[in-house]
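Participant: Chain by chain, the residues run as shown.
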Amino acid sequence: MDQHLNKKIDEALQSLDGIAKATPRPFFFTRLEARMQREKSKWEVISSFVLRPAIVFAGICFILVINVAVILTSSSLNNPALQQNNEISAADEYNSVSAPLYEYVNATP
Amino acid sequence: MNESELVALLKLKDRQAFKEMVETWQDMVYNTSIGFLQNEEDAEDISQEVFIKVYQSIYSFKGQSKLSTWIYRITVSKCLDHLRKKKRKKRFAFIQGLYSNDNNLAIEPPDFVHPGIKTENKEISIALFKAIDKLPPNQKTAFVLNKIEELSYHEISEVMDSSESAVDSLLQRAKKNLQVLLKDAFI
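Chains as they are written, first to last, in numbering that gives the first Met the number 0: chain A, 0 to 108; chain B, 0 to 186.
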C-alpha cells in the first residue's frame, strides 16, 4: 500500500517532465496595445477635466481664500489690544457671575 | 538589435522596439504566470500588466542585470500580488457567507491542467498543481521557475536575488512539502 502510494507520488512529481511551454492566444500584442490605449484614454479624460482653466482658477482662488482666512484669524489672536479686550470682557463676566454671590454671602442680616 | 540598443529605444517609447520586446518574451511571461496562477484568463491579464509595467518603468532599468531577469522579477511580483489579493477576496467572501442568509455553496474553480503537460500525465498532474498552489510563496517561486520555466539554479538565484544554495534549499523543502500534500490527496 505504502509502495503504491509512494509510486503515485513520484509519478505526480514526474508529470512535469518534458512539459512544453504554454503560449498566449494569438494576437497578444494587439490586445495589449488596445488595453494600453484604453488606459491612456481614461487618464486623458481625467487630466483634461482637471486642467481646464476654470477649474485651475477656482482651485487657486480657493487656496488663496483659505490662506487669507488663516492669516486673519492668527493675526487677531496675536493683536495685544484685542487680547486685552478679551481679558477685560472675561473678567467682567467673572465679576458679574461672582458679585451677586459675594454680596449675598457678606450681606448683613 | 542587441539588448542595450533595445533598451535605449524602449526609453524613447519606440513602438517597434516595444513590439519586438513583447514578441520575444511573451511566451516566457505567460508560461511563468500560468504556472503561478493556474488560470488562463488570469495569466493573460497579468502578462499584459507585466508588459505595461515594463513600458512605464523602463527608465528605472539600470542594466545591472539582463532585461529578461528584470522581466522575470516583475512577472513573479505581479503573480504573487495577484494571489494575495485573491486569497483576501476568498477570506472576505467566506466571512460574508457566515453573516448572510444565502445558502449557496461557493463555486470551486475547475481543475487546472497545464496546456503543456503530456496527455498521459494530465490526470495525475491535476493533483500536483493543487499541491503547488498550497506552497509558501518563495518555495512556489523556486519550484515554478525550475520545473515549469526550466531555469537553472543560477538563473533562479538572479531572479530571486539570493544565492544558489538558498535556491537549492527552497527546492528541497518544496519537494518535501509536495510529497506530504500529495500523500494527503491520494489517501
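Keep in mind that a hint or two might mislead.
[Unchecked claim] Below 30 Å or equal to it, Euclidean Cα-Cα: the simulated DSS-like pairs (lysine-lysine) are: (1) A:Lys6 with B:Lys61; (2) A:Lys7 with B:Lys88; (3) A:Lys41 with B:Lys129; (4) B:Lys175 with B:Lys133; (5) A:Lys41 with B:Lys117; (6) A:Lys41 with B:Lys86; (7) A:Lys6 with B:Lys182; (8) B:Lys10 with A:Lys7; (9) A:Lys39 with B:Lys88; (10) B:Lys52 with A:Lys41.
[What the hints assert, rightly or not] Example chain A residues on the side facing chain B (calculated, C-beta under 7 Å, incomplete): (11) Asp1; (12) Lys7; (13) Gly17; (14) Ile18; (15) Lys20; (16) Lys39; (17) Ile45; (18) Ser47; (19) Val49; (20) Leu50; (21) Pro52.
Worth flagging that the hints you see were computed from the coordinates, not collected in a lab. Every residue, glycine too, gets a C-beta built ideally from N, C-alpha and C.
Participant: Could you tell me which of the numbered hints above are not met by this structure, giving the numbers in increasing order?
Facilitator: 1, 2, 3, 5, 8, 11, 16, 17, 18, 19, 20 and 21
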